[in-house]
Amino acid sequence: MRLFYLIKKEFIEIFRQKELLPLIFIAPIIQIIMLGYVVKTDIKNIPVEIINLTSNKIAARIINRINSTPLFRVKAISDQNKDTVELLKRGQVKAVIIFKDPPRQNPLNYPEIQISLDGIDSNTSLIAAGYFNGIIKKFLLDNLKKAGMHQPAMSKTLIRFNPTLESINYMGPGIVALLLTIISLFFTSISIVREKEQQTMDTLLISRLTPIEIYLGKAIPTSIIGLINMSLGIAAVMIWFRVPVRGNLLYLLLASIIFLSALLAYALLISVITSTQQQALFFAWFTMLTFMLLSGLFTPIENIPPGLRILADINPIRYLIKIIREIFLKGNGIEYFYKELLYLLAIASVTVTVSVINFKRLISK
Amino acid sequence: MQRLKAVIIKEFFHILRDPASLTIVFLMPVLMVSIYGYSISFDLKSIDAGIIDLSGGDLAGQLIKKFANNQYFRIRSLGLSQSNPIETAERLLKSGELKEVIIIPPDFSRKILHHPPAEIGIVIDGSDSNVANLIHQYNEMVIMNFVSEFQNLKDILTINTSILFNPEVKSTFFFIPGIIAIILLMISALLTSLSISRERESGSIDLIFISPLKSHEIIIGKTIPYIFVALLDGILIFLFARFWFHIPFKGNLLVLLIFSLLYILSGLSLGILISSIAPSQKTAMLATLLITLLPSILLSGFIFSLDSMAPVLRSISYLIPATYFLKIIRGVAVKGAELKYFLVDGLIMIVFSALLITLSSIRFSHSREKSK
Amino acid sequence: MPALIEIKDLTKKFGHFTAVNAINFSIRQGEILGFLGPNGAGKTTTIKMINGLLKISSGQVLIKGLDARKNRREIKKITGYMSQKFSLYPLLTSLENIEFFGGISGLSRHNIQKKKEEIQPLIPRPILTQKIVDIPPGMKQKIALFVCLMTDPEIILLDEPTSGVDPEVRRNFWMEIYQLKKSGKTILVSTHNLDEVEYADRIIIIHRGNIILEGEPSELQARQGKDSIEALFKDAIINYDNQLSRTGGAECSD
Chain A
1 MRLFYLIKKE
11 FIEIFRQKEL
21 LPLIFIAPII
31 QIIMLGYVVK
41 TDIKNIPVEI
51 INLTSNKIAA
61 RIINRINSTP
71 LFRVKAISDQ
81 NKDTVELLKR
91 GQVKAVIIFK
101 DPPRQNPLNY
111 PEIQISLDGI
121 DSNTSLIAAG
131 YFNGIIKKFL
141 LDNLKKAGMH
151 QPAMSKTLIR
161 FNPTLESINY
171 MGPGIVALLL
181 TIISLFFTSI
191 SIVREKEQQT
201 MDTLLISRLT
211 PIEIYLGKAI
221 PTSIIGLINM
231 SLGIAAVMIW
241 FRVPVRGNLL
251 YLLLASIIFL
261 SALLAYALLI
271 SVITSTQQQA
281 LFFAWFTMLT
291 FMLLSGLFTP
301 IENIPPGLRI
311 LADINPIRYL
321 IKIIREIFLK
331 GNGIEYFYKE
341 LLYLLAIASV
351 TVTVSVINFK
361 RLISK
Chain B
1 MQRLKAVIIK
11 EFFHILRDPA
21 SLTIVFLMPV
31 LMVSIYGYSI
41 SFDLKSIDAG
51 IIDLSGGDLA
61 GQLIKKFANN
71 QYFRIRSLGL
81 SQSNPIETAE
91 RLLKSGELKE
101 VIIIPPDFSR
111 KILHHPPAEI
121 GIVIDGSDSN
131 VANLIHQYNE
141 MVIMNFVSEF
151 QNLKDILTIN
161 TSILFNPEVK
171 STFFFIPGII
181 AIILLMISAL
191 LTSLSISRER
201 ESGSIDLIFI
211 SPLKSHEIII
221 GKTIPYIFVA
231 LLDGILIFLF
241 ARFWFHIPFK
251 GNLLVLLIFS
261 LLYILSGLSL
271 GILISSIAPS
281 QKTAMLATLL
291 ITLLPSILLS
301 GFIFSLDSMA
311 PVLRSISYLI
321 PATYFLKIIR
331 GVAVKGAELK
341 YFLVDGLIMI
351 VFSALLITLS
361 SIRFSHSREK
371 SK
Chain C
1 MPALIEIKDL
11 TKKFGHFTAV
21 NAINFSIRQG
31 EILGFLGPNG
41 AGKTTTIKMI
51 NGLLKISSGQ
61 VLIKGLDARK
71 NRREIKKITG
81 YMSQKFSLYP
91 LLTSLENIEF
101 FGGISGLSRH
111 NIQKKKEEIQ
121 PLIPRPILTQ
131 KIVDIPPGMK
141 QKIALFVCLM
151 TDPEIILLDE
161 PTSGVDPEVR
171 RNFWMEIYQL
181 KKSGKTILVS
191 THNLDEVEYA
201 DRIIIIHRGN
211 IILEGEPSEL
221 QARQGKDSIE
231 ALFKDAIINY
241 DNQLSRTGGA
251 ECSD
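Residue numbers (my numbering), protein chains in the order written: chain A, 1 to 365; chain B, 1 to 372; chain C, 1 to 254.
Mimicking DMTMM-like on lysine to aspartate or glutamate, the simulated pairs with C-alpha atoms at most 25 Å apart in a straight line are:
| id | chain 1 | residue 1 | chain 2 | residue 2 |
| --- | --- | --- | --- | --- |
| 1 | B | 111 | A | 142 |
| 2 | A | 18 | C | 134 |
| 3 | C | 85 | A | 195 |
| 4 | B | 170 | A | 302 |
| 5 | C | 64 | C | 152 |
| 6 | C | 115 | A | 13 |
| 7 | C | 181 | C | 214 |
| 8 | C | 131 | C | 118 |
| 9 | A | 82 | B | 307 |
| 10 | A | 196 | B | 199 |
| 11 | C | 185 | C | 118 |
| 12 | C | 64 | C | 6 |
| 13 | C | 131 | C | 117 |
| 14 | C | 181 | C | 198 |
| 15 | A | 138 | B | 149 |
| 16 | B | 10 | B | 369 |
| 17 | A | 196 | C | 134 |
| 18 | C | 85 | C | 134 |
| 19 | B | 170 | A | 83 |
| 20 | A | 138 | B | 119 |
| 21 | B | 66 | B | 90 |
| 22 | A | 100 | A | 86 |
| 23 | C | 76 | C | 118 |
| 24 | C | 85 | A | 13 |
| 25 | C | 131 | A | 195 |
Keep in mind the hints are simulated off the structure, nothing from the lab.
Looking at chain A on its own, in the form it has when it is part of the complex:
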């Protein structure tokens, strides 16, 4: 009952701050659409420089193919030899492809090809190498057939769950999860700090409210706002980017509620263990950045070394992203991610317990 008054108050406050409303309901959608385009960018337009040192006709045909694919953007074609290392150092191109005269014993008169890649961006360079090999292979096969020869074996690859390898399908919902995280943490810390400034936090603390009630009084309104946001965001990626949903969205709702309870427990813990606003915000920043970067959204979780695995294990975003993928792309039911839900519940309950035990620290500042 006391909780009801806390929640009601929180909502009145939110809706009376007119300047906040567009921030809550419109800004996230704009951000999702913008960031969606960022993550949608599958690697393409890789800038290359071509050095053609041969008058070989096949070389010219291969260059034509490279020119016509969107995977590469040919920045320059020259017939003078240049220092490859120097070209890559300048950073204008990521790869240099050199065509030379065919080796003497070559039956089909194919040119010798040398490709040098800037290895700093390891991902792009591997993929560029792959693209290039693909182009050449295709070319080769087309010609082998004409010459009546056959490649002895080839792969026939079937990619499941995301056949066109659209990165938006897997990053889009993930970005929604990140925004949900930022907005909820931002909201909770803003509202706690505001109560401190108005000195109403004092009144709450000396009132008969229990720590759990104060936590829920903050967590429930934020979660409701967060869930509305999440729905808008998911709708945006579904409608705008046509991300398919194969599973049941009700599971996503359940997972988001549990996720928010864990996340907001962290927010509470941070405000309990730090003694100044500055420390609290630095801490929140550190936590947020770590959780975001180690969430498995950008890079595979398996790459985190065993000693640091604990950071991934206590990271609520990681579980939400896993669940989102199960629901969105694989269309799996709860039997495939009940473990993640249990982990989230465990995180929430341990964190809330620790915060409540240390709750007096909010008072003794």
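Once you've looked at the hints, dock chains B and C against the given chain A.
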């Protein structure tokens, strides 16, 4: 000049006397570099792959051996016969046990020898498109290798692939410079973002307002001490990256230092601008976080390649100092590129800082006028 | 009259800075105790230690013989507190604030309704439905006091309740405090407005965390031979500071 000195000295004391912020400024970045340096990586070390061998022949054995010997794959045999291999594959991918399943058809050997090409069926979990793409590339490498032993394709076509600057293709070389850029920007922006709002909250700003100091003197005086702090921070992280993570350093140290200085300056001036606008410390910090966090990660080339981005997004990325610094640090430190390639980038950072400092001074003298 | 609140060697340290330095005093049942001192003297810190908002560094607060540190639940029930900034929610209206604070103090729906009716004759109608941020300070003060009294506490702690309101409003406010005293409440009021001292039964002057004078206003005046409280106050502070510089006690704060 004398007056400016007074402001600088006062700011220095502010930093040195607060143990909490000293810890944050010097310990946190090192902690972050080490955590992220170890954990953020694209490299796929072990792709869990299952093999269903329906052929059982020697040739299939050779192919499997090629996969098993490749360091990127962790091969699990799923048996010689499966009634419905595709269904099995799908089930295993769905549960997340395996990332791909390789199916060798019953007529594999016969087809290779008599009716090429033989088809190798491969099912990949595409739910992480990036990973799937890499798995596909690795598969092709192994299969090409297998194929070229049969028919000396090398006779027909020679492709020499060389990967420069990072022969082992480790993503550490890619990410650590990025992490350095992000941390430096955040630390420097956060440091100064508080400097004015703190005085505003404690009321000491009124004393500065009535002092004979000119507005730009105050702003510059407040920035200079943090240049040293942030530069020290930067050097600390560089050393850590160099000797702990063995990031190669091939370039000119002085060039790198100069550009770090310019970069730090743009971060600090961003902070000071926010500080001169924000009414409270809290607003200042949150604004700094929101302005620097996601854009610096997503739009600077830290993770996503700028070349592939749409023109609109690319133009936004030009507004982010991290974009320039990333280019420079990857170029100068790891590739050993010379100064002349980055003059424009350096110039842009200078203009950026000058613009922000001027804006802050104007903004500051406005609030000074108002308080009179 | 028995002492309702007893303060023994109460000390608060923030790092190296001592905000309140082993002070002793008591508040008797049914009296108005005026707590005087310049800004930063330690008034708010002392009050916050009494109501449990600040951790006590050393010393003791006894309320009705109960140790304040160990019996927070019981003490919460019998004390009311009004902070310097009135601690109302600026975005809520007066009535909404009353409903909220009533609600979290565990008043029944019926009682909350009754409180909402009780406030009607005290405050002009349009103000009741305005946001707190938009109403004049005098009205805020009235509502804050009303909120503080909603649970009918025996002990009322008022931290600078009259700062930022005009003299007319202050006089009216003190009339209300008198009414409360008459109904048997015990009241601690801190202030830096010296002209309010005459309203208190007893006053304590605190400076740099130490009590430098204590007694009934008239008695203190007679003892020190001063005709105005202001002169008395200034003298006490100057004397203390002189003594401090003579003994070389260099406990300095910002």
